[in-house]
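Undergrad: Listed below are the residues making up each chain.
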Amino acid sequence: MDIVLLLGLIMCVGGAVLIRDMLKAAISLLISSIILGVIFFTLHAGYAGVFEISVVAGLIMVLFIMTISLLGENVDIKEPAIPLAVFIVLFFGFSAIIIPKILCLPQVPDKLLPVEPLKIGEVLWIHRTFDIIGQIAAIFAGVFVLFAVVNGRGKHGK
Amino acid sequence: MVNNALHYGWMYTYTVFAMLFIGFYCIFTRRSMIRLLIGIEIISKAICLFIISGSYPTNIITAQALVITVIVIEVCVMAVGLGLVIRAYRHSKSIDIRDFSNLKG
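Top to bottom, those sequences are chains F and U.
Per the working numbering, the first sequence starts with residue 71, numbered consecutively.
Per the working numbering, the second sequence starts with residue 3, numbered consecutively.
Just chain F, with the same shape it has in the complex (with noise of 0.2 Å):
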């Protein structure tokens, strides 16, 4: 099963990036998240994969949609034609060196894990409040480089 969805999952990633029409490689990015999302659930990450389903799947792919709609036809540009059997072999020739390497990382030792389980309510509210913060500050700063970008009209604004 789980091979299954990594299987899918980098089909979709590869139908995302090679297939020309751009609505159908965002249809195929967004497959791709669904299936991250159930890999989520499968790894017993049930927090995680609600927020790529319903953000990352819903709310990404509504902003990507919605900007090649409005770019209309002119979203399609012909790209070059690089082989992509350079990157093949790069990619099995990297995994070749350093993946043995990331398998043989010394253990980790249990005195370092949580001797309970928490929460993630209390992981997020207490222990890492500053990852709030943060995510609070990115907000803001998205939403008002869109005002400025999008709407905004500079010195030399038409």
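Calculated from the structure, these hints are not laboratory results.
Just so you know, even glycine gets a beta-carbon here, dropped at the ideal spot from N, CA and C.
Among the hints, a few may not be true.
[To be verified] Short derived list, chain U residues pointing at chain F, Cβ under 7 Å:
1. Met-21
2. Phe-23
3. Ile-63
4. Thr-71
5. Val-72
6. Asn-104
[Said to hold, decoys possible] Partial list, computed: chain U residues near chain F (C-beta under 8 Å):
7. Met-13
8. Thr-17
9. Phe-19
10. Arg-32
11. Ser-34
12. Ile-40
13. Ile-42
14. Glu-43
15. Ile-44
16. Ile-45
17. Val-77
18. Leu-84
19. Arg-89
20. Ile-97
21. Asp-98
[Said to hold, decoys possible] Result set (DSS-like, lysine-lysine): computed pairs, CA atoms no more than 30 Å apart in a straight line:
22. F:Lys-148 with F:Lys-94
23. F:Lys-94 with U:Lys-95
24. U:Lys-95 with F:Lys-148
Following the hints, position chain U against chain F.
TA: Just chain U now, with coordinates in the frame of chain F:
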């Protein structure tokens, strides 16, 4: 001692590397600005999968908190990036990254 987190799933590690390479391939070879954002999105997905699969055997919930933070930042990056794409299209009627070389310092 518990098993090393990454011993659990070599297939997850290979998937993460494959996604990283696909994302970098997209960024290095494509000229459309939307394709570049898709490449960034793919790399971000790979990092999220790496964090969650690495934390699975020890079941550390902090990993989920980190992934939630990554997703929120990813949303902001995508929103700003797509806003820039629309602005760039209004500026030069194109989203080809080569058309913006005249904006260099």
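Undergrad: Taking 8 Å as the limit, does the beta-carbon of Arg-32 of chain U come near enough to a beta-carbon in chain F?
TA: Holds: closest Cβ of chain F sits about 6 Å from Arg-32 of chain U, inside 8 Å.
Undergrad: The hint names Ile-44 of chain U as touching chain F; please verify it with the least Cβ-Cβ distance against 8 Å.
TA: Since the shortest Cβ distance to chain F is 5 Å, the answer is holds.
Undergrad: Please verify that hint: Phe-23 of chain U, Cβ, nearest Cβ of chain F, below 7 Å or not.
TA: 4 Å, holds
Undergrad: Is the interface hint satisfied for Arg-89 of chain U? The criterion is a beta-carbon contact with chain F at less than 8 Å.
TA: 5 Å, holds
Undergrad: Under the criterion of a CB-CB separation shorter than 7 Å, is Asn-104 of chain U in contact with chain F as hinted?
TA: It is violated, given that the least Cβ distance between Asn-104 of chain U and chain F is near 14 Å, above 7 Å.
Undergrad: Taking the least C-beta to C-beta distance, is Phe-19 of chain U closer than 8 Å to chain F?
TA: 5 Å, holds
Undergrad: Is Lys-95 of chain U within 30 Å of Lys-148 of chain F, Cα to Cα?
TA: 15 Å, holds
Undergrad: How about Thr-71 of chain U: closest beta carbon in chain F under 7 Å, or not?
TA: 5 Å, holds
Undergrad: Min Cβ distance, Met-13 of chain U to chain F: is it shorter than 8 Å?
TA: 6 Å, holds
Undergrad: Please check whether Ile-63 of chain U passes as an interface residue: C-beta within 7 Å of a C-beta belonging to chain F.
TA: 5 Å, holds
Undergrad: For the hint on Ile-40 of chain U, does the least C-beta distance to chain F fall short of 8 Å?
TA: This hint holds: Ile-40 of chain U lies near chain F, its Cβ roughly 6 Å from the closest one there, short of 8 Å.
Undergrad: Against chain F, run the beta carbon of Ile-97 of chain U and see if the smallest gap drops under 8 Å.
TA: Nearest chain F Cβ about 7 Å off; hint holds.
When the structure is compared with the earlier hints, violations turn up for hints 5, 6, 13 and 16 and for no others.
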